[in-house]
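Enquirer: Residue numbers (the working numbering), protein chains in the order written: chain A, 1 to 511; chain B, 512 to 712.
In case anyone wonders, no lab produced these hints; they're calculated from the structure. It should be emphasised that the depicted structure is a prediction, and the values quoted were computed from it without experimental measurement. Think of the CB as a built atom: it goes at the ideal place given N, C-alpha and C, for glycine as much as any other residue. Mixed in with the good hints there might be a few duds.
To be verified - With a Cα cut of at most 25 Å, we get these calculated DMTMM-like pairs of lysine to aspartate or glutamate:
hint, chain 1, residue 1, chain 2, residue 2
1, A, Lys411, B, Glu633
2, A, Lys394, A, Glu428
3, A, Lys411, B, Glu663
4, A, Lys411, A, Asp440
5, A, Lys394, A, Glu171
6, A, Lys411, A, Glu350
7, A, Lys394, B, Glu633
Stated by the list, open to error - Computed list of chain A residues with no C-beta within reach of chain B, every gap over 10 Å:
hint, residue
8, Cys118
9, Thr127
10, Asp132
11, Pro133
12, Ala174
13, Leu244
14, Ile317
15, Arg371
16, Asp389
17, Lys411
18, His424
19, Asp458
Stated by the list, open to error - To be clear about the criterion: a stretch of chain B counts as covered by chain A if any three or more of its residues have a C-beta under 8 Å from a C-beta of chain A, and this derived list gives those stretches:
hint, region
20, 559-570
21, 582-595
22, 635-648
23, 680-690
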Amino acid sequence: MSGGMNGAVRIFADYTGDVHERADVVVVGSGPGGAVVAHGLAAAGHDVILVEEGPPFTPDDFELDGARSMARTLREGGLRATRGYMLSTMQAIALGGGSLVNSAICVRSPQETLDGWCSDFALERTTRADLDPHYDAVEKFLGIEPTPDDVQGDRNLLFRDGCNALGYSSEPIARNVRGCRGSGECFTGCRARAKQSMDISYVPAAIAAGARVLTSVQVQQVTTAGRRATGVAGQVARPFTGELSHRVRIEAKVVVLAAGCMATPVLLQRSGGLANASGQAGENLQFHPGVAIMGVFPERTHPEFGATQGYQSLQFIPEGFKLETLWAPPGVFAVRLPGIGTELKQRLAEIPYCAVWDAIASCNRSLGRVRARRRGMDPALHWRFDPQDVQILKRALQVLAELLFAAGARKILPGVGRLPEEMHSLDEAEALRRHDLRADDLTCGGNHAFSSTRMHGDPHRGVVGEDGRCHDLDNLYVADTGILPRSPAVNPMLTCMALAHRVAAGIAERI
Amino acid sequence: MLFWSLMALAAVAASWRVFRPYAAPPPGLRALGARDHAFVSAASEAMFPAGGALPPGGESVPGYVDDFVAERPAQLRLLMRLLFFLCEHATIVFPAPGGGGRRRFTRLPVAARASYLQGWGESRLAARRLVFTSLRAILTLAYLGDPAVLGELGLAPMAIDTPVCPADLLWPRAGRTREEIAYGPEDVTVPGAGSPLGPDS
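Model the full structure from these sequences, guided by the hints.
Expert: And the structure:
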């Protein structure tokens with residue numbers, strides 16, 4: 001057993017034996033939820049230990065090749081997928097969690113969406129007005145600002161032009177970025193150190209405020225005594241291989257789970273079905289299924305330059321979808337291109353002339369579940385695509401096609417089964433409207449997982465209350481996207497951080 | 512008697528088909544066996560043939576796929592190798608067009624391999640299309656993982672000056688020791704101070 005901590009941050013090489021620590025609060029997971037909680041409580045003077053299964057990354061660790069990057073930074077090598085309807089979904093394993101490899105999109109949930117949460121989930125303090133002070137605090141801390149034009153690049157500005165041509169609203173995406181250079185490398189780690197991912201923002205700030213950080217520790221169980229959580233237990237996990245070694249035990253007065261909406265329910269299940277009197281832990285799993293269309297333009301668009309996702313349109317939020325620009329490492333980006341042989345090679349050669357725009361949909365009828373597998377801490381995921389939600393994406397595909405042609409695309413590649421691989425005019429794109437679209441026709445990405453430990457005012461229908469505290473235990477909290485009661489209508493990171501900010505404030509008051 | 516003789520013949524033929532040896536793969540493979548390597552090479556040749564806009568899928572593809580498979584969890588490694596096995600032998604059920612279309616995939620001419628794969632991609636069965644999409648995804652990742660191809664596209668990684676931020680003083684590269692922390696306080700620079708990147712920069 002080790003004595004105190006060798007410095008504020010422990011890395012894998014620091015563990016020479018079993019670890020036993022005590023703190024006021026232990027926070028599991030260093031992504032946007034956990035990092036905000038750890039900072040908030042450390043800044044309030046509490047003794048905090050932040051635990052992360054992944055290692056810290058430096059820019060020298062970033063792999064620019066998409067597949068190699070995914071193997072290092074994402075769980076299950078980036079190939080995690082649901083059963084039922086197969087939806088690929090990505091969860092990071094790194095200090096900073098998903099913020100290390102996401103596009104840094106920060107959007108406040110619309111008032112109507114939050115009003116809907118309140119009325120449908122018996123919530124009383126989760127209106128936009130209630131959350132605005134927390135949004136403000138996070139935005140100020142991270143320097144969240146709209147993406148400036150000088151780093152948009154052609155493919156983002158073409159989106160703006162398309163929206164203008166059709167009279168749709170659009171705006172530069174606000175991001176947790178300071179000094180973006182438009183390298184388009186958000187997905188593989190920002191070499192320009194502009195993205196304010198948690199590992200270079202909230203986590204160092206938490207450390208400066210006195211928090212201790214244990215990286216490379218896999219938490220496997222929440223320990224309890226009666227209605228109280230007493231801490232967490234787990235093992236040291238070797239970076240990249242996950243090989244387990246020394247035992248780790250942390251005793252704490254308060255336990256906060258922010259391991260992500262896949263890992264948190266697994267942890268609760270591994271802890272003897274904890275916090276599940278409602279039967280909702282691990283249920284209600286939702287995504288923002290996303291579709292994308294590639295447009296090919298007459299001139300080079302230099303898609304490798306510009307903010308990864310720099311422009312968006314919220315025009316269609318009432319219809320259930322949001323439009324965005326998109327870029328990814330070429331290999332990852334190209335896996336959806338159709339064809340084979342010289343035809344496929346020709347399409348690959350057109351990448352420098354392309355712009356890819358996507359739609360993410362609020363699919364509140366399409367629910368799934370998270371279960372612990374027989375062994376290990378990876379989840380077994382099941383998700384069903386409701387046919388009515390498929391129609392939201394059908395409409396989104398039509399709008400994306402219109403936008404691309406309005407922006408001057410000479411052809412589009414819709415990527416929809418049972419339809420032509422290329423369309424060269426709006427008339428041809430009419431096929432998208434006439435198509436009897438089925439879920440199997442789509443190659444969707446499972447963006448933004450949430451709601452697997454949902455917040456509900458009624459303890460019989462949700463896992464946590466509005467303060468993030470589990471209904472069944474006095475001192476166990478959840479502060480990741482799992483607590484969102486349903487889709488936030490937009491990218492969930494900022495709302496997750498705002499809720500985490502509120503959770504931290506509530507814990508600080510209670511202890 | 513005739514029935515059992517035919518069954519025995521079929522069993523011998525099936526065994527020969529599955530266990531007939533493949534050419535020895537290059538040394539140093541981490542995850543792929545001889546059959547996997549032969550299949551990936553043959554599929555790459557069909558997917559990215561010579562001619563047209565970009566270079567053919569060369570030797571780099573099987574090597575990349577080997578790394579790709581090796582770096583995934585054990586269960587996924589198995590699934591990917593099963594995918595290769597399935598595509599190699601499913602010519603029995605879904606033969607390639609032309610004579611001898613039921614031979615192993617790796618023994619088909621390039622054009623027949625391409626037609627066979629195209630058949631999977633255009634199948635009415637969603638599961639079959641999914642198999643094709645998965646295979647094409649792996650091969651495309653590998654093809655575009657080749658610096659020569661990226662260079663041809665003008666998409667080779669750009670050089671970026673990476674600032675040193677205060678967090679870089681807290682930990683070393685992933686998996687390294689504390690003594691390997693590369694920077695001290697004097698190295699910290701202003702983040703994001705460079706000018707926007709673009710085709711003319």
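Enquirer: All hints, please: hold or fail.
Expert: Status of each hint after checking the structure:
1. A:Lys411 - B:Glu633: 21 Å, holds
2. A:Lys394 - A:Glu428: The given pair, whose Cα atoms are some 15 Å apart, holds under the 25 Å limit.
3. A:Lys411 - B:Glu663: 22 Å, holds
4. A:Lys411 - A:Asp440: 24 Å, holds
5. A:Lys394 - A:Glu171: This hinted pair holds, its Cα atoms lying about 23 Å apart.
6. A:Lys411 - A:Glu350: 11 Å, holds
7. A:Lys394 - B:Glu633: 21 Å, holds
8. Cys118: Per Cβ check, A:Cys118 is outside 10 Å of chain B; nearest 38 Å; holds.
9. Thr127: At roughly 35 Å from the nearest Cβ of chain B, A:Thr127 sits farther out than 10 Å, so the non-interface label holds.
10. Asp132: 28 Å, holds
11. Pro133: 27 Å, holds
12. Ala174: 16 Å, holds
13. Leu244: For A:Leu244, whose nearest Cβ neighbour in chain B is about 14 Å away, the distance exceeds 10 Å, so it holds.
14. Ile317: Correct as stated: the minimum Cβ-Cβ distance to chain B is 30 Å, above 10 Å.
15. Arg371: 16 Å, holds
16. Asp389: Since the minimum Cβ distance to chain B is about 18 Å, A:Asp389 lies beyond 10 Å and the statement holds.
17. Lys411: Given that every Cβ of chain B is farther than 10 Å from that of A:Lys411, nearest at about 16 Å, it holds.
18. His424: 19 Å, holds
19. Asp458: A:Asp458 clear of chain B: closest Cβ-Cβ about 38 Å, beyond 10 Å.
20. 559-570: Our answer is that it holds, as 6 residues pass the Cβ test (under 8 Å) against chain A, meeting three.
21. 582-595: This one holds; 4 residues, not fewer than the three required, reach chain A with a Cβ under 8 Å.
22. 635-648: holds (count 6)
23. 680-690: Result for this restraint: holds, n = 9.
Hint compliance for this structure: no hint is broken.
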